[in-house]
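Please take these sequences and the hints and turn them into a complete structure.
Chains A and B, in that order, are what the protein sequence lines are. To convert, count from 1 in the first sequence and add 8; that's this note's numbering. To convert, count from 1 in the second sequence and add 7; that's this note's numbering.
Be aware that one or more of the hints could be misleading.
Said to hold, decoys possible - Label pairs and their in silico Cβ distance ranges:
1) A:Val79 with B:Lys81: 51 to 57 Å
2) B:Asp279 with A:Gln15: 57 to 63 Å
3) A:Asn46 with B:Ala364: 55 to 61 Å
4) B:Gln352 with A:Lys18: 50 to 56 Å
5) A:Asn46 with B:Thr141: 49 to 55 Å
6) B:Arg380 with A:Lys54: 55 to 61 Å
Claimed, not checked - DSS-like cross-link-like pairs, simulated, lysine-lysine; straight-line CA separation at most 30 Å:
7) B:Lys233 with B:Lys155
8) B:Lys64 with A:Lys33
9) A:Lys61 with A:Lys18
10) B:Lys359 with A:Lys33
11) B:Lys225 with B:Lys319
12) B:Lys231 with A:Lys18
13) B:Lys319 with A:Lys33
To be verified - Simulated coverage check for chain B against chain A, where a stretch passes if three residues somewhere in it have a Cβ under 8 Å from a Cβ of chain A:
14) 24 to 32
15) 93 to 104
16) 286 to 298
If you're looking for bench data, these hints aren't it; they were derived computationally from the structure. Virtual Cβ for every residue (Gly too), placed ideally from N, Cα, C.
Listed here are the chains, written in short residue letters.
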Amino acid sequence: MSINPDQTIKFSPMHRLQWEEVQQKDVILYPEGMVELNQSSAEILKMCDGTRKLDQIVADLEQKFATTGLVNDITAFLEVALKNGWIQQN
Amino acid sequence: MAGSNKINITPPRWLLAELTYACPLQCPYCSNPIDYAKYQSELDTEDWKRVLTQARKMGAVQLGFSGGEPLTRKDLPELVKHARDLGYYSNLITSGYGLTEEKIIHLKEAGLDHIQVSIQASSQELNDHIAGTTSFQHKKEVAHLVKKHGYPMVLCVVIHRENIHQMPQILEMAEELGADYLELANTQYYGWAHTNRDLLLPTKEQFEQAEQIAQAFKEKVAGKMKIYYVVPDFYEDRPKACMNGWGTTFLTIAPDGVALPCHSARELPGLDCPNVKDYSIEQIWNESKAFNFFRGFEWMKEPCNSCDEKEKDFGGCRCQAYLLSGDMYAADPVCSKSLNHHVIQEAIDSAKASALANNEKPLIFRNSKNSKRLS
Chain A
9 MSINPDQTIK
19 FSPMHRLQWE
29 EVQQKDVILY
39 PEGMVELNQS
49 SAEILKMCDG
59 TRKLDQIVAD
69 LEQKFATTGL
79 VNDITAFLEV
89 ALKNGWIQQN
Chain B
8 MAGSNKINIT
18 PPRWLLAELT
28 YACPLQCPYC
38 SNPIDYAKYQ
48 SELDTEDWKR
58 VLTQARKMGA
68 VQLGFSGGEP
78 LTRKDLPELV
88 KHARDLGYYS
98 NLITSGYGLT
108 EEKIIHLKEA
118 GLDHIQVSIQ
128 ASSQELNDHI
138 AGTTSFQHKK
148 EVAHLVKKHG
158 YPMVLCVVIH
168 RENIHQMPQI
178 LEMAEELGAD
188 YLELANTQYY
198 GWAHTNRDLL
208 LPTKEQFEQA
218 EQIAQAFKEK
228 VAGKMKIYYV
238 VPDFYEDRPK
248 ACMNGWGTTF
258 LTIAPDGVAL
268 PCHSARELPG
278 LDCPNVKDYS
288 IEQIWNESKA
298 FNFFRGFEWM
308 KEPCNSCDEK
318 EKDFGGCRCQ
328 AYLLSGDMYA
338 ADPVCSKSLN
348 HHVIQEAIDS
358 AKASALANNE
368 KPLIFRNSKN
378 SKRLS
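Next up, the structure:
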């Protein structure tokens, strides 16, 4: 499965992304399961709001963290996310 | 052991709220205790709300509303709403019995995240026989309605000797019903399943064939349906990492308010499991004798104590060790290193002999009459 650069990306309505105060981290919640996220993964997923395509997500994150060269890392993570059903495209 | 303060205590993540032991079904592998009928009292709404609030504050985030049949509690929508306000991810674990479209909508509005519907078999005749109640058609309707109203739907089928031959049809049914997740739960032999083990435990050949079919299906539906396969530990040679380690992750509250490190733990002797009416969740989790009993590794005997896998499986399941060897400190007999490992083969042989006998005894169904008779 790979990310289609021409389509927007949205977080799956079958999952919930939530900040956990006790754990001090974001988590993905789904039926009887939970994935703990590191900060960069959580930042990427928060950009998946159904309005942005891949290049916009990369541009926005590079701007937010005042850096460049994130495209490969972000694409690789989004492919994992797509395979796990955390995000959707269409 | 009790009172030890050397162990780093992690906060609970999972809260299983067994709201009631009442259930219209009579499944002969029910995980409720055999003597459930003697526990008549149930926590009231305010007790449950307090428990949910306290456990959430400690870090619990996954919440299972279970039973018995949780739908028999009139205050379920109110508890669901309270859970949502606190930020839990709420799972309703139900037989589907008594679930209507109106209730499905109402629970969604209250903030329920997911509904897990159990089906006992892929045919009406066998489903209704195992459930002890006419329920098959209704369960299928409920599964459709769960999907219709936008919930992720988990279909749960408990696998045993009576239905294991239906594996291909069970998989087909899950696909037809549009399940997002299919839980194929090989029976774990506690509670009622322990009593009925000779009639429920399949042969190794049956297991292997069913697993092969399920694995092939898993690849076919990858990306559409996720399959949770609960392994049949009698045919493994290492025990399961039960509860992810005692008192590390899971907290069960029984209908009468007794707090348990796992849902079978009330069968273990001498734990003095505390009640939420007497103590806060924080006191129970951190300080109680029951929750500290098998925390860490100090309680272990040989072969566990010197085993290089003890941090992986924690010696297996304490309830299984007790049920099968009479010693809750012993290695789980499933482990091939266990001195009691032969009891597993004896159980397998006994079940096979029962299957081949002409006069196989009948299943003992889970109901109040049998509960009182057996306890």
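Quick rundown of the hints versus the structure:
1. A beta carbon spacing of about 55 Å between Val79 (chain A) and Lys81 (chain B) agrees with the range 51 to 57 Å that was offered as a hint.
2. About 58 Å separates the C-beta atoms of Asp279 (chain B) and Gln15 (chain A), a value consistent with the hinted range of 57 to 63 Å.
3. A hinted range of 55 to 61 Å for the beta carbons of Asn46 (chain A) and Ala364 (chain B) is consistent with their spacing of about 57 Å.
4. Distance hint check for Gln352 (chain B) and Lys18 (chain A): the Cβ-Cβ separation is about 53 Å, which falls inside the suggested range of 50 to 56 Å.
5. The given range of 49 to 55 Å is respected by Asn46 (chain A) and Thr141 (chain B), whose C-beta atoms sit roughly 50 Å from each other.
6. For Arg380 (chain B) and Lys54 (chain A), the hinted distance range of 55 to 61 Å is satisfied, since their beta carbons lie about 57 Å from each other.
7. The hinted pair formed by Lys233 (chain B) and Lys155 (chain B) meets the criterion: a straight-line CA distance of about 19 Å does not exceed 30 Å.
8. Distance check on the hinted pair: Lys64 (chain B) and Lys33 (chain A) sit about 15 Å apart at the alpha-carbon level, within 30 Å; holds.
9. Using a Cα cut-off of 30 Å, the hinted pair Lys61 (chain A) and Lys18 (chain A) holds, with the two alpha carbons roughly 9 Å apart.
10. Under the criterion of a C-alpha separation no larger than 30 Å, the hint pairing Lys359 (chain B) with Lys33 (chain A) is inconsistent with the structure, at around 50 Å.
11. At roughly 26 Å between alpha-carbon atoms, Lys225 (chain B) and Lys319 (chain B) fall within 30 Å of each other, so this suggested pair holds.
12. For the hint pairing Lys231 (chain B) with Lys18 (chain A), the CA-to-CA distance comes to about 17 Å; that is within 30 Å, so the pair holds.
13. Between Lys319 (chain B) and Lys33 (chain A) the alpha-carbon distance is near 25 Å, which keeps this suggested pair within the 30 Å criterion.
14. Taking a C-beta to C-beta cut-off of 8 Å, the segment 24 to 32 of chain B contributes 0 residues in contact with chain A, too few for the three needed, and the coverage statement is violated.
15. Remark: the segment 93 to 104 of chain B is confirmed as covered by chain A, as 3 of its residues place a Cβ nearer than 8 Å to a Cβ of that chain, reaching the required three.
16. Counting residues of the segment 286 to 298 of chain B whose beta carbon lies closer than 8 Å to any beta carbon of chain A gives 0, which falls below the threshold of three, so the coverage claim is violated.
Taken one by one, the earlier hints fail for this structure at numbers 10, 14, 16, listed in ascending order.
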